[in-house]
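Position chain B relative to chain A; hints supplied.
Chain order of the listed sequences is A and B. Numbering-wise, the first sequence is residues 463 to 577 according to our numbering. Numbering-wise, the second sequence is residues 505 to 619 according to our numbering.
These aren't lab readings, by the way, just hints derived from the structure by calculation. Misleading hints may appear alongside valid ones.
Said to hold, decoys possible - Under the rule of at most 30 angstroms between Cα atoms (straight-line distance), these lysine-lysine pairs were calculated in the DSSO-like manner:
{"no.": "1", "chain 1": "A", "residue 1": "Lys519", "chain 2": "A", "residue 2": "Lys477"}
{"no.": "2", "chain 1": "B", "residue 1": "Lys565", "chain 2": "A", "residue 2": "Lys519"}
{"no.": "3", "chain 1": "B", "residue 1": "Lys572", "chain 2": "B", "residue 2": "Lys553"}
{"no.": "4", "chain 1": "A", "residue 1": "Lys479", "chain 2": "B", "residue 2": "Lys572"}
{"no.": "5", "chain 1": "A", "residue 1": "Lys473", "chain 2": "B", "residue 2": "Lys553"}
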Amino acid sequence: GAGVSQSPSNKVTEKGKDVELRCDPISGHTALYWYRQRLGQGLEFLIYFQGNSAPDKSGLPSDRFSAERTGESVSTLTIQRTQQEDSAVYLCASSSTTSGDTEQFFGPGTRLTVL
Amino acid sequence: AQSVTQPDIHITVSEGASLELRCNYSYGATPYLFWYVQSPGQGLQLLLKYFSGDTLVQGIKGFEAEFKRSQSSFNLRKPSVHWSDAAEYFCAVGARAGNNRKLIWGLGTSLAVNP
Numbered sequence: 463g464a465g466v467s468q469s470p471s472n473k474v475t476e477k478g479k480d481v482e483l484r485c486d487p488i489s490g491h492t493a494l495y496w497y498r499q500r501l502g503q504g505l506e507f508l509i510y511f512q513g514n515s516a517p518d519k520s521g522l523p524s525d526r527f528s529a530e531r532t533g534e535s536v537s538t539l540t541i542q543r544t545q546q547e548d549s550a551v552y553l554c555a556s557s558s559t560t561s562g563d564t565e566q567f568f569g570p571g572t573r574l575t576v577l
Numbered sequence: 505a506q507s508v509t510q511p512d513i514h515i516t517v518s519e520g521a522s523l524e525l526r527c528n529y530s531y532g533a534t535p536y537l538f539w540y541v542q543s544p545g546q547g548l549q550l551l552l553k554y555f556s557g558d559t560l561v562q563g564i565k566g567f568e569a570e571f572k573r574s575q576s577s578f579n580l581r582k583p584s585v586h587w588s589d590a591a592e593y594f595c596a597v598g599a600r601a602g603n604n605r606k607l608i609w610g611l612g613t614s615l616a617v618n619p
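Chain A on its own, in the form it takes in the complex (with noise of 0.2 angstroms):
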C-alpha cells in the first residue's frame, strides 16, 4: 500500500475484553514499531520489530500486551483482559531500515475506549 495503515480506526470494548489491533506496514519496510499515546500526552514506545533479529519487549507495560509480527508483513498488537487505563490511540510505524537515521511512517492509529 502507499502508507502505513491500521485497523480498526476505533475500538469500544468493555473492561476485561481481549482486543487486537492491526497494522499494515509499507511493503518492504524491515522495521516496526508500536506506541500508545494517552490524551494530551506523548509516544509511549511499545515494541519494536527489528527486521529478523529478537523484537525489543522493552516498553510493553505488563504481560497483558504482547505483539507478533510474521516476517516483514502484518503485525497484531493484543491487549488481554483489558483495563480503562489502556484507554488511548495505538499508533504503529515502518522504516525501510532498522538504522537509527531512518524516517519511520505513521499509520492513523486506532483509538482504543475501554468501558
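Chain B alone, transformed into the frame defined by chain A:
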C-alpha cells in the same frame, strides 16, 4: 540514560511571529535528530532530520532546526508562523550504532497560534 527533553509543554504565539521550540538530548554520542509534527486529526509527519554536515537543516513548511553539539540541542525554528502550524511537535533521537536503533522521543510541545 538516553533521554530527550522538550522543556516547553505548551507555547502560544501570534500569527506572523517567529517561533522557536526547544529540544535537548542526553546521549552517549551525537545521535540522529528528528522533528515530527502531529496536526489535529492527522498522523505524525516528519518535518526535518539531521544526520551530519551542515548543522542548520531545512525542512518542510518553512521550518528549520539547528544542531548545537556543545549544548546538546536541536531547536526548531520558523521565522513567521501561520495559523495552520498549530499542532503538536515532537523531537526524537536515533542511535548511530549498536543493535537497537529505536528512536527516543520527547513528550512534545503543543503550539497554539493566535490570529
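Okay, the hints, checked on the actual structure:
| no. | hint | result |
| --- | --- | --- |
| 1 | A:Lys519 - A:Lys477 | holds, 24 angstroms |
| 2 | B:Lys565 - A:Lys519 | violated, 35 angstroms |
| 3 | B:Lys572 - B:Lys553 | holds, 14 angstroms |
| 4 | A:Lys479 - B:Lys572 | violated, 49 angstroms |
| 5 | A:Lys473 - B:Lys553 | violated, 34 angstroms |
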